[in-house]
Amino acid sequence: SQTIHQWPATLVQPVGSPLSLECTVEGTSNPNLYWYRQAAGRGLQLLFYSVGIGQISSEVPQNLSASRPQDRQFILSSKKLLLSDSGFYLCAWYRQTPMNEQFFGPGTRLTVL
Amino acid sequence: GNSVTQMEGPVTLSEEAFLTINCTYTATGYPSLFWYVQYPGEGLQLLLKATKADDKGSNKGFEATYRKETTSFHLEKGSVQVSDSAVYFCALSGAGGFKTIFGAGTRLFVKA
Numbered sequence: 001s002q003t004i005h006q007w008p009a010t011l012v013q014p015v016g017s018p019l020s021l022e023c024t025v026e027g028t029s030n031p032n033l034y035w036y037r038q039a040a041g042r043g044l045q046l047l048f049y050s051v052g053i054g055q056i057s058s059e060v061p062q063n064l065s066a067s068r069p070q071d072r073q074f075i076l077s078s079k080k081l082l083l084s085d086s087g088f089y090l091c092a093w094y095r096q097t098p099m100n101e102q103f104f105g106p107g108t109r110l111t112v113l
Numbered sequence: 001g002n003s004v005t006q007m008e009g010p011v012t013l014s015e016e017a018f019l020t021i022n023c024t025y026t027a028t029g030y031p032s033l034f035w036y037v038q039y040p041g042e043g044l045q046l047l048l049k050a051t052k053a054d055d056k057g058s059n060k061g062f063e064a065t066y067r068k069e070t071t072s073f074h075l076e077k078g079s080v081q082v083s084d085s086a087v088y089f090c091a092l093s094g095a096g097g098f099k100t101i102f103g104a105g106t107r108l109f110v111k112a
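So the protein lines, in turn, are chains U and X. Residue 113, in our numbering, is where the first sequence stops; the numbers in between run on with no holes. Residue 112, in our numbering, is where the second sequence stops; the numbers in between run on with no holes.
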């Protein structure tokens, strides 16, 4: 069976510090991978998606970047965090058959002070 | 483009009350439709899904019917429990596409 991991689970960082969030998927190969952000009390915002190693598509211009160094690893980064980067970050992978379904990781709660 | 609109929350109900959370969509072709649930502090979990018109998805007492004529996928449960308190997201995925479009989410509070 497939599983998806995210770490850390929670993170408190000062403004201007760097960021690295990691997501790994087990039990599948060549998955489509996604980073979402959920601000407090709001819906999901798609930040990045990747269809393969080194292939990153950005949905929203911002202070963040993403990388996919390995098939089942997806990293979200920032060189200098802003207060507005606070939120709940979710990684997901996509399975086309049978139901075009996304599977989500447990999320990382980021607080920028 | 594709979009999903769901009723704003929060929705507050007493235990054993009937629940309806409305969801309508705009899409070309025949999308797959989903309801996801997010419990406090957790990621999203798939609650139920439907892939074609008139399909009914069901799970844990929740149901939703894919209505193409009204482009709707309303979530219902006959008798809610305190443990159903969560945020519910309606979503669609287009045929052949790999992007899932999510609604804004509806927060449900169930009081004992």
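There could be a bad hint or two in this list.
Below, computed lysine-lysine pairings styled on BS3-like, alpha-carbon distance capped at 30 Å [unchecked claim]:
id	chain 1	residue 1	chain 2	residue 2
1	X	99	X	77
2	X	99	U	79
3	X	56	X	68
4	X	52	X	68
5	X	99	X	56
6	U	80	X	99
One-sided excerpt, in silico: chain X residues whose CB lies under 10 Å from chain U [unchecked claim]:
id	residue
7	17
8	34
9	46
10	51
11	110
Simulated coverage check for chain U against chain X, where a stretch passes if three residues somewhere in it have a Cβ under 8 Å from a Cβ of chain X [stated by the list, open to error]:
id	region
12	23-32
13	62-74
Read the hints as simulated data drawn from the structure, not as lab findings. Just so it is clear, CB atoms sit at the ideal spot from N, CA and C, and this is done for glycine as well.
Unmet hints by their number, sorted upward, for this structure
7, 11, 12, 13
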